[in-house]
Structure formats: structure tokens, C-alpha cells
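> These protein sequences, in sequence, are chains A and B.
Using this note's numbering, read the first sequence as starting at 1 and increasing by one per residue.
Using this note's numbering, read the second sequence as starting at 1 and increasing by one per residue.
There could be a bad hint or two in this list.
Away from chain B, derived, C-beta distances all over 12 Å, residues of chain A [to be verified]:
#1 Val13
#2 Gly14
#3 Glu22
#4 Pro85
#5 Ala86
#6 Pro88
#7 Asn103
#8 Gln108
#9 Ser122
#10 Pro144
#11 Gly155
#12 Thr176
#13 His187
Not everything, but these chain B residues come out facing chain A in the computed CB check (under 10 Å) [claimed, not checked]:
#14 Asp77
#15 Ala203
#16 Met213
What follows is a set of in silico ranges between Cβ atoms, one per label pair, in the way DEER data are often shown [said to hold, decoys possible]:
#17 Glu22/A with Ser75/B: 34 to 40 Å
#18 Pro23/A with Val140/B: 41 to 47 Å
#19 Gly162/B with Arg175/A: 42 to 48 Å
#20 Asp117/A with Leu111/B: 57 to 63 Å
If you are wondering where the hints come from, they were derived from the structure by calculation, not from laboratory data.
Glycine included, C-beta positions come from ideal geometry on N, C-alpha and C.
Listed below are the residues making up each chain.
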Amino acid sequence: MPNAAPMPLIEGVGLTVIRNGEPVLDRVDIAMASGETVTIVGPNGAGKTTLLRVLMGLMRPHSGTVTRRPGLRIGYLPQQVPIDPALPLTVRRLLSLRIDATNEARLQRLAEVGARDLVDRSVHTLSGGELRRVLLARALLREPDLLVLDEPVQGVDITGQAELYGLIAQVARARTLGVLMVSHELHFVMATTDRVLCLNHHVCCAGAPESVRAHPEYLALFGGEAAGVAVYHHHHDHKHGASGEVLPLPHTHTEPHNPNDHHHG
Amino acid sequence: MGDFILRAALGGIGVALVSGPVGSFIVWRRMVVFGSALSHSALLGVALGIVWNIGIAPAAIAVCAAVAVIYLALSRDRRVADDAVLGIVAHAALALGLMVVAYVETVRADLLSFLFGDVLAVSVADLAWIWGGGLAVLAVLAVIWRPLLAMTVHEELAAVEGVPVAVVRLVFMLAVSVVTGVALKIVGALLIISLLIIPAATARRFTTTPESMALVASLVGVVAVLGGLQASIWWDAPAGPAIVLVATVLFLLSVAVAPLLAHRQGRR
Numbered sequence: 001m002p003n004a005a006p007m008p009l010i011e012g013v014g015l016t017v018i019r020n021g022e023p024v025l026d027r028v029d030i031a032m033a034s035g036e037t038v039t040i041v042g043p044n045g046a047g048k049t050t051l052l053r054v055l056m057g058l059m060r061p062h063s064g065t066v067t068r069r070p071g072l073r074i075g076y077l078p079q080q081v082p083i084d085p086a087l088p089l090t091v092r093r094l095l096s097l098r099i100d101a102t103n104e105a106r107l108q109r110l111a112e113v114g115a116r117d118l119v120d121r122s123v124h125t126l127s128g129g130e131l132r133r134v135l136l137a138r139a140l141l142r143e144p145d146l147l148v149l150d151e152p153v154q155g156v157d158i159t160g161q162a163e164l165y166g167l168i169a170q171v172a173r174a175r176t177l178g179v180l181m182v183s184h185e186l187h188f189v190m191a192t193t194d195r196v197l198c199l200n201h202h203v204c205c206a207g208a209p210e211s212v213r214a215h216p217e218y219l220a221l222f223g224g225e226a227a228g229v230a231v232y233h234h235h236h237d238h239k240h241g242a243s244g245e246v247l248p249l250p251h252t253h254t255e256p257h258n259p260n261d262h263h264h265g
Numbered sequence: 001m002g003d004f005i006l007r008a009a010l011g012g013i014g015v016a017l018v019s020g021p022v023g024s025f026i027v028w029r030r031m032v033v034f035g036s037a038l039s040h041s042a043l044l045g046v047a048l049g050i051v052w053n054i055g056i057a058p059a060a061i062a063v064c065a066a067v068a069v070i071y072l073a074l075s076r077d078r079r080v081a082d083d084a085v086l087g088i089v090a091h092a093a094l095a096l097g098l099m100v101v102a103y104v105e106t107v108r109a110d111l112l113s114f115l116f117g118d119v120l121a122v123s124v125a126d127l128a129w130i131w132g133g134g135l136a137v138l139a140v141l142a143v144i145w146r147p148l149l150a151m152t153v154h155e156e157l158a159a160v161e162g163v164p165v166a167v168v169r170l171v172f173m174l175a176v177s178v179v180t181g182v183a184l185k186i187v188g189a190l191l192i193i194s195l196l197i198i199p200a201a202t203a204r205r206f207t208t209t210p211e212s213m214a215l216v217a218s219l220v221g222v223v224a225v226l227g228g229l230q231a232s233i234w235w236d237a238p239a240g241p242a243i244v245l246v247a248t249v250l251f252l253l254s255v256a257v258a259p260l261l262a263h264r265q266g267r268r
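So that you can see chain B by itself, here it is in the shape it has in the complex (with noise of 0.2 Å):
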């Protein structure tokens, strides 16, 4: 087994456990429009890292949060639909990355890898995103946790009991920017966003608690990388849709079996 077997690898694992509980908040706060928009207009800060060189995870990052910062700016205004705001600003952003990939030739040779992901070109500096990222993204959400579970209760009652919603829902918006940025090398553009929502819909069949889906959506993620590596290696196939491909057999596994189990275990 080559290194960069063992990098995709690594690489992959640490997007899918920190994509655990942020897919399952994102499952839960119904923000999948929000987190497939965010994606997309990753693409921009993928062109601008490349022609800046300053390195494509900082660069999507940056983007990505400024793109939910400009969002929550203008969603204050009724009388346009949020996502119909989000719309706007991450597409925006998605049409300024595709001119500048127009314009630049080694951004252009490389497009459909940031698309689709290139796991098995993972290197080491990636990896050090990867799992730096990931790991300020946990370390975040474990202090956020209590106030973001409560707010996704009721987000009024929340803020009854004192929790400041619009602090803990800005900070939970970069958590996912980050998540993002490092995972567009594992999965690409396209895809981030069902590497945070299959694995989390799978694990609801199996769970009562709010920890225990993040904790067995992190797993079942784990699962998926691992299958669609070695599906990649086997058939040839490219790993980014291997990956998304295994979690969705996942997914419809845990569909058939999960009625078995709550037959045996009575109602969740």
C-alpha cells in the first residue's frame, strides 16, 4: 500500500469524524440549502488560492465565511426569502469563482478535481488542514454545544434562558465554512455537502440522544471514506463519488434494517 493510500486515508477519516456532528446540526437546524450554497461558492475561493497562491483550504474558508457573513447580513430583510438570499450570495460567489477559472489556465486543467475531490492526491500540507481544521472545529462545538442544541429546541425559548442566538448561530455558520474549506480536497465542491448529511440521516435509525447521532454519524462517515478508497482502488473508480456512493448504501441499509431493530427495541 503506497503513502498516498495512507494519506486519503487519513485525510478522509478526519473530514468524515468532524462531519459527524456538524452534519447532524445541519440535519437538525434544516440548513442543507444553506450547506450545498456554502459548497458551491467554495469553488471562488478554490480559483483565488491557486492564482494567489496562498493555499486552496485557507482561501475556500475565507470565502465560505464571508459568504454566510454577507448572508446573515441581508437575511435581516423580510421582504427576501433567506434562502432565497442565500441563493443569491453564494451563487454569486460560485460565478466569480467560474470566471476566474475561465481566465486561469492551471485553475482550469484542474476544475474538475475541486469539483469532485481528489482524495488520492492528498498531501501533507492538506492533511494538516484537514485535521487542524477538523479538530478547532470539535474543540468549538463542544463549547457551543448546550447553547446550539437548545437554540435548534427553540430558538426563542433559548434565548429566553439567556443563550445570544446570534453569536452561537454566526459561530456555528464558520464552523461549517471550515468544514467545508478542508473538506472540498477529500470530496470536492459538489459532494461536501452529502458527506454531512448521510452519514448523520443514517446514525437518526440508531439513536436516542443528540451525542450518540453525532457520535455513530462520525462513524458510519468513517465507514463510507474507507469503503469508497478501497472501491476506488478495486474498480478505478474516482474516490470523491466512491465515497458519497457507499454512504448512500449506508443510508438505505440503515432505512431496511432500522424498522427490525426498533421492533426488537421498542419506539425511539
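Isolated chain A, as found in the complex (with noise of 0.2 Å):
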């Protein structure tokens, strides 16, 4: 898909956020385009939540400015779910929640996730996957323009990590849906990210998943792990500490992060 779009689906502009004197979020630039596939990834306590939090307007930011596009709508899968056992909850009544939905049309998300024989179970008999299916098939009677999943496959086994991630590719692109998503996973997400972000508390890095993962400032956060799982592109580009972390080499910051810098496929 072309630029075609002139407004960004969402932008945020030197975002800042602060917490106990320390920045959780230190002028992060972003923007994402309709239809467009971002991924957010990081280390723990990179301030990726925080960052999703900002854009969706669930806290603000300390400085800078976030747009969204007039008339949004956002389909929001959070880290985690938990609904109380105290609750006597459905899938077809999570499903109407906020919802004004056709029953045929429940059915028919549900049955995209590949959820529908869960309809009439409660939710507190569904595994992690089968609850992501549900919240996703949720997300999207909602009719967004914007998927954010934070972190989407936590808690899943590993071959369902794999069938989400393509579910959420597929259902994205049949509707020309935006997503952004918090990922630890880059090499599942790879082929389908159009851009990744890669934060701690700044924006290390942004670009293509090709050259992001190249990047001599998300090795040094992720080491030879992230890069050498899915194709093996392990080339020492860091040294390692005394305790055997990973220290990034001197050269960093070889381009400058552009936050309207879109790569489509």
C-alpha cells in the first residue's frame, strides 16, 4: 500500500513520561498510517505499555503530543485479562459487552478466530490462546481502524504463539486494519511487520525488521538471542561485560530515527 493516506491513524511527538525522576518514556516520536503493521520491542520496563497507554489517551504524557485521527476507533488487547472467577461471564456476553452486535455477526468473528465452538463456554474455562481468540474476535466487532495488542501471545504455548501471530496478520489484512503491537518476538513477527520500533525509554531504533535487527543498538539490547533464532545472522556486533551481558561496541546511532519513515511491502 502506497502512502496514500496523507493523516496518520495515530502520531505521538516527543512523548515523555516520567516516573519517580527517572523517564519511562524519553522523547518518543511514532506514527503509524492506516493499515500499516508496527511493532513495538524492547526489554522489560522499556516502557512499551506505557507508550501503548499514551497513544490510546489511558494516561498523559508529561510533554509532547499525541493526534489521532478524527473519528478513530481503536480495538485494544491488553497484557492480560484477568476476569474474576467471582464473575459468571460467557464468551457471547463478553462478546456483547460495549457492543451492539448482530448475533450472526458474534458468530462470524468468532468463527475467523477460529473460536466459534467457544461461544457458549464461560471464559473461566478458556485456555490463554482461547482467550486471545475471544478478545480478538471482540476487538474486531468493534469495527477498528487500529488493532493495539500489547504483548498478544503471553501466556500461550509456543506453536499457538505462531498461529496467533498469523491470525493477526490475516484478520489485519483482509480489512486494511493498522496494528500495533508489543512484542518480545521479533523473528515471529518479522514477515509480518511492515516497521519496528525498537525502545527503551528512547527509540533506539526504527525501520524495516531487516535492519532494525541489524542494528548495533537493539543487538546490544537483545544480543545474539533475538538475532540469531530465526536466520542465523549472529555476526559479533557487541562484546560482552564482566558478568557476560552484552555491551553494544562503540559506533550506535547510525541513522537518525524518522518517525514518518513507512516501509511498505
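Two independent chains are provided; combine them into the complex using the hints.
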């Protein structure tokens, strides 16, 4: 898809969030075009979830601005949805919370994510992967322009993870949905991601998955593990510290980050 | 059967009906501490209602609502945990209520009845407050039902989907304040919370949707009220505690019976 939409779905400029005197987000720029899939990677505590929350308007940044396209509808899959067992809830009822949809539409969306048979099940008996599928179907029922997924495969077994990522890419492609997701597993999402944003409080690097994966700052954060799993590209672009941790080589910031630099395949 | 029994039954049934859905949300949202703190602070309302001669129910509702609002305002400070803030505000109100009680002869005489309820002394005016307040709460709850349920499942998800979570939370807390104020006469400040949570906890084992749980909770509450009244007549027992004990027996029965039903109908 060419850069047809002049207005980004969502855009954050200079986003800074301070917590306990430390910057959780440090002048982060991000913009998403419609139909684009952007994956945010970064170590634990890098501010990934905070960035999603700021972009969705759940919290205000200390400085910087967020612009959402007027009328933007967001389908959100939080990292965890711990439904209290004290609350009796079937899948059917979960799908009708806040959403006016016909029963056929509900069943269609469920079928689309391979969860048609779960409609009358109690949500408390679903596995991690089943609940994710149901929540994805629920998000799709809102007919969103943008899917925001925070670690969408957490608590799902390995084969289920690949299936879920495939499913997300499939439903997004079918609708030209924008997808913004946080993920640990870059090698799983490589093929379906247009752009990767590597975050460690600030934007370390951003761009096409291939270029990010070769970037010294990315390798500094994830080391050989991340680079080596899917395709064996493990050059020693880093050195190891005294306790074995990965340290960056002196050369960093090979290219300045440009938030409007979309890479569409 | 005397009129006072009829009034007691009508008052108790009114409170039980509204307690079902409100109590269910208290259980789902883990607000039991909030509910009981609020009901303790209602004692200040009782004292002020008598001293100023404005009626107990409206004064108690006003005090509970004020406590809820102050709690919400103060709990924005993350350095003191929410339940600590609640304990401070609600028990400051309780202490203030006890001060008033100590200085005013007429209130002191009735203290026990406001702590444990005086259902056999329910007046027509009390009935008007119970049914008026109860129906108002049910109407409001019907309006906020879906957004409140959505934010009970996941607050941030609901916020992204456009639920004004702060407003809905406040409205629900005010609804709990109204229920507390009108239920004082039936079970008393110390036991209101049990009439809210025991029927809901009992209903959980037999239901698969939020709505059916709220409805069954109301019915369990009605059975507990009628059973408790009957017990208090037979054995000349205080009615408020008798109602709570009957509810507790129903809960224990549900614990014993539910596994048998679950075995027959599949998992919940």
C-alpha cells in the first residue's frame, strides 16, 4: 500500500513520561499510517506498555502531543485480562459488553478467529490462547481502524503463538487494519511487520525489521539471542561484559530515527 | 399477623431486591471493604438525622455519599493505598458519629437499633425511602449496567472503548450509598454489608451470566429476609442478625449443593 493516507491514524511527537524522577519515555516519536503494522520491541521495563497507554489516551504524557485521526476506533487487547471467577461470564456475553452487534456478526467474528465453538463456554474455562482469540474477535466486532495489542501471545504455548501472530496478520490484511503491537518475539513477527520500533525509554532505532535487526543498539539490547533464532545472522556486533552481559560496540546511531519513514512491502 | 410484620416484610423485601444486583457488583469489583467502611460511617448520618430532625435515611445517604466522594478525591494520591484512605475517611466519620451519639440523649438510647437494625419498627415513611430509593438505584443501575460491567471485566479496555470510567465509578458508589442509607433500618450499620454480599456469593454457584446472578441474589435475599423475620417471631430473636444468619445458612447450603448440580450440568 502506498502512502495514500495523508493523515496518520495516530501520531505521537516528543512523548515524555517521568516516573519517580526517571524518564519512562524520553522524547518518543511514533506515527502509524492506516493499514500499517508496527511492532514495538524492547527489554522489560522499557516503557512499551506506557507508550501504548499514552497513545490510546489512557494516560497523559508529561510533555509531547498525541494526535489521533478524528473518529479513530481502536480495538485493544491488553496484556492480561484477568476475569474474576466471582463474575459468571460466557463468551457470548463477553462479546456483547459495550458492543451492539447481531448474533450472526458475533458468530462470524468468532469463526474468523477459529473460536466458533467457544460461544457458549464460560470464560473461566478458556485456555490462554482461546481467551486471546475471543478477545481478538471482540475487538474486531467494534470494526476498528487500529488494533493495539500488548504482548498478544503472552501465556500461550509456542505453536499457539505462531498461529496467533498469523491470525492477527490475516485479519488485519483482510480489513486494511493498522496494527500496533508490543512483542518480545521479533523473529515471529518479522514477516508480517512493516516497521519495527526498538524502545528502551528512548527510540533506539526504527525501520524495516531487517534493518532494525542488524542495528547495533538492537543487538545491544537483545544480543545474539534475538538475532540468531530465526535466521542465523549472528555477527559479533557486540562484546560481552564482565558478568557476561552484552555490551554495545562504540558505534551507535547509524541513522537518525524518522517517525514518518514508512516501509511498505 | 400485625401491620408491623407486614411493614417489616415489605421493607426487608425492598432492601433484598436492590441488594441483589448492587451486592453482585460489590463482589465482582472487590469492593467489600468499601461497602463495610461506608456502612460504618453511616452512623454519623443516623446521629445527624436525629439531631437535625431531617430523617435517618436521607442523612445517612448524604454522609455515605460525602465519604465516597472524599475517598475518591483523596485516593488520587498514590502514596497512601486506597484501602488505607478509605479506612481513614470512613472511620473518621464513624468516630464523629460516636461523638454526636455520646452527647445526645435520644440517639444514645437507640444506638443498638441502628447498629443491628430494627426491622419490626419500620414505619410507612421508612417504606417510602426503601422503595423509592431502591427503585431509583435499580433504574440508575439499568442505565450504567453495560458500561459498569465492561469496566468490571477490564477497566482500561472499557476506557479505550469509550466508557467514562470515573463517572460510572462515582455513580455506582453513590448507588451503594443510597442502598446503605435505606437498609440501615432493616439490618443496621454493622450488618448491611452481609445482606449485600452473602446472597450474591450464594447465587454465584447456580448462575452462568451476570444478570442471572444478580436476579438469583435478589431472590436469595428475599428468602433470607422472610426466613429471618419468621425466626425472630418464633424465637423472639433480633430480626437483623436473624436475617443475616438465614442468609449464611443458605450460602452454606449452596456450597454443599452446588457440586452436585455442577456434576450434572457441566462446568461453570
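> Minimum C-beta separation from glycine 155/A to chain B exceeding 12 Å: can you confirm that?
holds (15 Å)
> Tell me if the interface restraint on alanine 203/B is satisfied: Cβ within less than 10 Å of some Cβ in chain A.
holds (9 Å)
> In terms of Cβ atoms, is chain B entirely out of 12 Å range of asparagine 103/A?
Answer for asparagine 103/A: holds, closest chain B Cβ roughly 15 Å.
> Test the statement that serine 122/A is away from the interface with chain B: the closest C-beta pair must be farther apart than 12 Å.
Check fails; 5 Å does not lie beyond 12 Å.
> Take a look at whether the Cβ-Cβ distance between glycine 162/B and arginine 175/A falls inside 42 to 48 Å.
violated (20 Å)
> Between aspartate 117/A and leucine 111/B, does the C-beta distance stay in 57 to 63 Å?
holds (59 Å)
> For glutamine 108/A, which was marked as not at the interface, is the minimum beta-carbon distance to chain B over 12 Å?
Per Cβ check, glutamine 108/A is outside 12 Å of chain B; nearest 20 Å; holds.
> Please confirm whether alanine 86/A is truly not at the interface, meaning its C-beta sits more than 12 Å away from all C-beta atoms of chain B.
The claim breaks: alanine 86/A does not keep its Cβ more than 12 Å from every Cβ of chain B (closest is about 5 Å).
> Starting from the range 41 to 47 Å, see whether the pair proline 23/A and valine 140/B falls in it by beta-carbon distance.
holds (43 Å)
> Could you let me know if the closest chain B CB is still more than 12 Å away from the CB of valine 13/A?
holds (21 Å)
> Taking 12 Å as the cut and beta carbons as the points, is glutamate 22/A off the interface with chain B?
Fine: 16 Å to the nearest Cβ keeps glutamate 22/A off the interface.
> Take the shortest C-beta to C-beta distance between aspartate 77/B and chain A; is it under 10 Å?
Check failed: Cβ of aspartate 77/B comes no nearer than 15 Å to chain A, outside 10 Å.
When held up to the earlier numbered hints, the structure conflicts with 4, 5, 6, 9, 10, 14, 17, 19 and fits the remainder.
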